[in-house]
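Colleague: Sequence:
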Amino acid sequence: MSRLTTLPPELLHHIFSWLNPTDLGTLPRVCSALNDYVKGNWKLCQDVYLNHLDKPQDNNPVDWEQALHDYARLQLICQRPAASDKESELAFVHKTVTNLLSRASSRGYTNDNSNTHSASRNADFLRQLFSGSDSTRAAFLERSFLFDRVRCERPLQFPHAATSADDNDQNGSKGSKSDDDEQTKTHQRSAQLHCLYGTPIQNVGRLRSERTYPFACSTVYDMRGHTTRTRWGPFRDDGSGRSKRFVAKLFSDVWSTPFSGSWAGSYMPTPTPSPAPALSSLELSDPYGVTGTWYRTNSSIQVVCFLDYNDFFNYNFPMGDPFPTNLPRPGISVGEATRLIILKLRVTHIEPPGPDDGQELPVVHFTGDSRLLDDGWDANASSELKGTVRLTTEGEVRWTSSSIYNGEERWKSEGVQVGGARSARGV
5 MSRLTTLPPE
15 LLHHIFSWLN
25 PTDLGTLPRV
35 CSALNDYVKG
45 NWKLCQDVYL
55 NHLDKPQDNN
65 PVDWEQALHD
75 YARLQLICQR
85 PAASDKESEL
95 AFVHKTVTNL
105 LSRASSRGYT
115 NDNSNTHSAS
125 RNADFLRQLF
135 SGSDSTRAAF
145 LERSFLFDRV
155 RCERPLQFPH
165 AATSADDNDQ
175 NGSKGSKSDD
185 DEQTKTHQRS
195 AQLHCLYGTP
205 IQNVGRLRSE
215 RTYPFACSTV
225 YDMRGHTTRT
235 RWGPFRDDGS
245 GRSKRFVAKL
255 FSDVWSTPFS
265 GSWAGSYMPT
275 PTPSPAPALS
285 SLELSDPYGV
295 TGTWYRTNSS
305 IQVVCFLDYN
315 DFFNYNFPMG
325 DPFPTNLPRP
335 GISVGEATRL
345 IILKLRVTHI
355 EPPGPDDGQE
365 LPVVHFTGDS
375 RLLDDGWDAN
385 ASSELKGTVR
395 LTTEGEVRWT
405 SSSIYNGEER
415 WKSEGVQVGG
425 ARSARGV
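Residue numbers for the sequence shown follow the working numbering, beginning at 5 and rising by one.
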């Protein structure tokens, strides 16, 4: 009988290409012949990767060997039993998860519980890692500023402006950043992972005081956290326009399937009985897919929640306000009003990005209208819309829209599209 190492390279390649990535990582330890065959064999690494994960949508070069190492290491980290054994790996987990989602692509059909969210092997892999382990979620999803506030017995100061969560990840410049900057980067990484995960974590313990909802509401409705420096949106308080990810997490939609639609191009249009109208040349040039009916649930609607004005005023302007401006207000748990709004948008023109925008995609201008699903209660329920879609310098898709009543702009909305352009998660 022939030994494995004497088989032709073509047969070895076919056999090894169906190994699990973690098994491929141990194969070079068997003998020197297999070590020589596997090491540096980028084609074998590519085939193993594509047999288990999505084929990347773009043509950007991929280090297939490193991608497999990261895949296997991420699995091993998440298999550790205790959260304390994993916490030091947050930077690596953040980088690997975002890389996997950036390389995700559609399998040609939707998830079982959605008719617009494309299925993805990358998203399925991440879902299995995080959904089945409480310690993994605690180690990587529950370390944002929101969760620090829930656990802390005394008020915490607003997080100050700090460097990007991805800055200096590769250059190893340890000791040059302050502890506060490191803590802010931890907050941002964890918040982005939770935002991409998409499923809420309602409690961090068994006590009523350990619910996350009151502190999430506090962050949204405390007006001292929304200034001209944050552009009145989910951006950091340094005027840079970079996403404040723990705020984006609070506004993001709630989905029952973790990581569903959290990647660019994950939106799959619902089939219609009649042929869709042909797109204009302008709409074909739009990389964001603006034209159409926008919705954040399966029924083509946008869900908007807001606080009663009296509750909002009393919360932000209490008698003898005891809270310093550097401290967030305490958690708030009162009823919120909910409205279901349909948005119909169309592209008007496209222009090159400005100096403060991301340069990879253009700026798209749109107009449209919005109306309540049931507008009988309010004569001013419907409005016209205008706005723009552009990239931030971090590569996030930023939406800005203004609501117009009788020719007057009254409301301005800022948002970040979770996952990237044409993601199914929406804004």
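Please keep in mind that the hints were generated in silico from the structure rather than gathered at the bench. Among the clues, some could well be false.
As the list claims (entries may be wrong) - Straight-line distance between alpha carbons at most 25 Å, and here's what the computed DSS-like set of lysine-lysine pairs gives: (1) Lys47 <-> Lys90; (2) Lys47 <-> Lys59; (3) Lys90 <-> Lys59; (4) Lys59 <-> Lys43; (5) Lys348 <-> Lys390; (6) Lys90 <-> Lys43; (7) Lys416 <-> Lys348; (8) Lys43 <-> Lys99.
Colleague: What are the numbers of the hints the structure violates, in ascending order?
Modeller: Failing hints, ascending: 1, 3 and 6.
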